[in-house]
Structures are given as C-alpha cells and as structure tokens.
Amino acid sequence: MMELIRDGFVIAGKDLRKEWKTKETISVMLIFSALVVLVFSFAFDPANQTVKTVIPGLVWLITIFSALLGLNRSFASELENGCLNGLRAAPIDPASIYIGKVIANFVLVLFVQMVSIPVLFILFDYRFAGSLLWFLATVFLGTYGLIIIGTFLAALAVNAQNSEMLLPVLLLPLLSPLMIGAVQASAAFAGGENMESAMSWIQLMAGYDLLFTAVCLLLFEYILEDS
Amino acid sequence: MKELVAMLEIKNLSKALGERPVLRNLSFAVNKGEILAVTGPNGAGKSTLFKCAAGLMKPGGGKIFLDGRPVKRNSPEVKRKIGFLGHEPFLYPSLSAVENLRFYGKLYKVKDLDEKAFELLRKVGLHYFKDMPVRSFSRGMIQRLAIARVLLPEPEILLLDEPHTGLDRDGLALFNGILLEKKAEGAAILLITHDFSQVETLADRALLLKKGKITASMELRNPSGRISVGKWYEEAVNAG
Chain A
0 MMELIRDGFV IAGKDLRKEW KTKETISVML IFSALVVLVF SFAFDPANQT VKTVIPGLVW
60 LITIFSALLG LNRSFASELE NGCLNGLRAA PIDPASIYIG KVIANFVLVL FVQMVSIPVL
120 FILFDYRFAG SLLWFLATVF LGTYGLIIIG TFLAALAVNA QNSEMLLPVL LLPLLSPLMI
180 GAVQASAAFA GGENMESAMS WIQLMAGYDL LFTAVCLLLF EYILEDS
Chain B
0 MKELVAMLEI KNLSKALGER PVLRNLSFAV NKGEILAVTG PNGAGKSTLF KCAAGLMKPG
60 GGKIFLDGRP VKRNSPEVKR KIGFLGHEPF LYPSLSAVEN LRFYGKLYKV KDLDEKAFEL
120 LRKVGLHYFK DMPVRSFSRG MIQRLAIARV LLPEPEILLL DEPHTGLDRD GLALFNGILL
180 EKKAEGAAIL LITHDFSQVE TLADRALLLK KGKITASMEL RNPSGRISVG KWYEEAVNAG
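Line by line, the protein sequences are chains A and B. Position 77, counted from 1, in the first sequence is what numbering that gives the first Met the number 0 calls 76; the numbers after and before it change by one each time, with no gaps. Position 25, counted from 1, in the second sequence is what numbering that gives the first Met the number 0 calls 24; the numbers after and before it change by one each time, with no gaps.
In isolation and in its complexed conformation, chain A is listed as follows:
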C-alpha cells in the first residue's frame, strides 16, 4: 500500500513539474475561472441581495468547468511519445498511475480555487457569515469527489476520438448528487443558515467520495488495458 502511494506521488511530482515548466493547463484554467467571475460580475448586480444566494453555485460552476479543462489534458498529455505505455510497462501497480493523476489534478484545481474563490467573494462583496472551516471542508470534499471521478473518466475517454466532448458528457450526470450536496452545504456554511441540515449533505458527500474512491481504484486497471 505504501509503495502504491509512493509511486503515485512520483507520478504526481512528474506531472506537477511538467506543469510548472510549461504552465499549459494551469494558465488556461485560471483564465477560464477569471472570465467566469468577470462575466457574472457584469451579468448580476453585486448590490442585489438575492444575487448572494447564487455565489456558492458559482464556486462550483468555476470548479467543475476549470477542472474539466485540466482533466482533459491529464491523460491526453501522456499519449505524446507513448508515455502512457511507458507507465504501463513500469513495475508499478496500475492504481498508482490513477493515484498520481488524482493528486496532480487535485493540486491544480485547489490552486485555481485558492485564487478564484476569494476574487469571487470580493467582487460580489460577499460577507461570510457561517463557518469557514466547514465551508473549506465542503470545498475539499466536493473537489475530491469531482477529481476522483473526473480522473477515472478522463482515462476512460482518452483513447476515444472525441475525448474532449466525451468527458463532460460522462462526468456531469455522475457528478449531480455530489454537486447538489456541495452547493447546498457550501451555501449553508457560507451563509450561516441551516447548518444542521448541511451536515447531512456533508455525510452524503463523504459517502459518495468513499464509494467512488474504492470503485475507481478497483476498476482503473481494466480501463487502462489495451484490448
């Protein structure tokens, strides 16, 4: 198990080093999230109190669509020079490739969130009235679930002709329960209302994350297989 995680970190380290050098994916993700924040700040009047209720939804809108940009590249970049076969031929558990990709994608999306969420709150003059700790826990659980499934489906779609279109089509329906929970819980924890009911959403998200972590780890080996 330790070896699995260690190999995962080696792969994640390689991905993040590549990203640090090229900034190919992170720059696109950041530009996209900045544009969404900007467009919505013009589309809605920040002074209108009802607009405040859509802010938690905007957090997840930015997260999902910027993550999609990164997820699409995550395995597609391994096709260049046959690097995915290099990983498959290496003496590692195939699940460690998955773990490595999850860690790298998670770090990239967290970075985008660290930049875009404060900017969103500032532009909409959003007053945080709830529990910051629980809000952050919600963001963490929701993002983790998104990355766990997204990475798995990105690997599944990578050899398809229209992988960039296939990924959102597969991912978004599967994400619905998680995102409903994430939006509800983050709205409650940010606004300081219905915090008790938000706890059941948190439990749903944690259960969802655990279930999909186990399923994706078990099945990843089979989706990597070359007929």
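One thing to keep in mind: the hints can contain errors.
Derived pair list, reagent style SDA-like, types lysine to any residue, alpha-carbon separation capped at 25 Å [as the list claims (entries may be wrong)]:
no., chain 1, residue 1, chain 2, residue 2
1, B, K115, A, R5
2, A, K20, B, H126
3, B, K110, A, D92
4, B, K71, A, A213
5, B, K57, A, P93
6, B, K62, B, A28
7, B, K62, B, N24
8, A, K22, B, S135
9, B, K108, A, E220
10, B, K108, A, C82
11, B, K182, B, V4
12, A, K17, B, R134
13, A, K17, B, K110
14, B, K71, A, Y221
None of these hints come from the bench; they were simulated from the model. Computed from a predicted model, the values in this text were never measured in an experiment.
Place chain B on chain A using the hints.
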C-alpha cells in the same frame, strides 16, 4: 559447451485484434546471454508479440515464462526484469533528459539513481545535453535517451523494437557495443529489426515471423554453409 538457460520462453502464444488473428500459436525461447532477432514483413505481428511479452497487451492464449516461472500479468517483479524499447520513446518532451531518467528510475526503484543516470547519459553521449528539454532533441538523440531509459534499471531481458531507427553511424556503433556488453553480462535480448546487417552483426539466431507464425529460423553463430540473412529472408518470405 555452455549450458543454455531459457530466460524468456513463449509457449503457444495467440492473439487476435478484433476478428483478425495476429499471433498464431507462437513458441520459442530466448536464452541467457543470447540475442535473438525477429524479422518479418510488415503486419506479421512482431510488435504485437513484443507488447504481449512486455505486459502491454493481454495474450489471447498461451503462456509466457520468465526465468522458468509463468508470468503473472501486471506483476512488478516481472516488469522490473524487462526493458522494453518500442516504436515510441516513452519520454516526456517538456522534461529534460536527466529528469526523464530520474522519473523512470524512481518508478523502477533504481538504487544510486543519480549516479547511474549520469553514467548512462555519458555512455549514450548525451551528458552535455542532460538539462535540455527532450522537445529540443533530434530523432537520434531521442533514441539514445530512450536506450538509456531502457538500460537504467539493468533489465535481464531486453525487448527492442527497431532500436537502430534514427541512430547515426556513431550511435549505431555505440548501441551495438552496449548490446554486446549486455549480452556478455547474461541478458537475453529479443530484437525486432529489418536491418539485415545489424542482424548479422549482433544476433545469435534469427526467426522469421509471417502472418503471425514462425515460418523459418536461422543459426547465425554457426558459419559453416551459412547464407546471408538477406538471402535467407527472401527465400523464407517467398516460400509458401
């Protein structure tokens, strides 16, 4: 006389891609300290054979034995013993030569990684370019680095699919020297090539793969009455 110990043994290996059979009941062995060349027309199944042996493809039937033990798919112990050089170099273009070697070295749990990586870069003549991104390398330099990647974990079996591609004269001589050195150390080497002069220089035996079957074989270290590999190939391909 030296005793022959089979390092890689393939028994009744079959593989179909879709409906089309690509490998049909292939059986052969590569011994320790032997270079076996596999040649044959395009589409004969050579690369598929290598992918099955390297664990990149699931065989349809048959068994593969490594050092006398049946190969379990995805077994790290087995994969650690195999060095696979395919058509593609498996190198990351945005990383430098040394970063690529470090990455694969970590996955293969290579001890004294930095020392070995620098030594190999010197051996393949890329030590002056160690910090340059692979993206800026020529085809020949990429092939040299791919060879270094394969040799880094000191594999006992080398599966080399057209390894001479892109190498200049110096590169060819250097690579052949490395292969003969590995052979002397006891590595079993399986080589796909269409370059008959390389087969004659390096190989102990040659097999001809045609339509997924081994249709002819030739001993190259027994010069009595030997014909050239080119002539043997022509005759074997045109027969039947």
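Going through the hints against the structure:
no., hint, verdict
1, B:K115 / A:R5, "holds, 21 Å"
2, A:K20 / B:H126, "holds, 21 Å"
3, B:K110 / A:D92, "holds, 20 Å"
4, B:K71 / A:A213, "holds, 23 Å"
5, B:K57 / A:P93, "holds, 14 Å"
6, B:K62 / B:A28, "holds, 12 Å"
7, B:K62 / B:N24, "holds, 10 Å"
8, A:K22 / B:S135, "holds, 18 Å"
9, B:K108 / A:E220, "holds, 21 Å"
10, B:K108 / A:C82, "holds, 18 Å"
11, B:K182 / B:V4, "holds, 13 Å"
12, A:K17 / B:R134, "holds, 12 Å"
13, A:K17 / B:K110, "holds, 24 Å"
14, B:K71 / A:Y221, "holds, 15 Å"
Against the hints set out earlier in the document, no violation occurs for any number.
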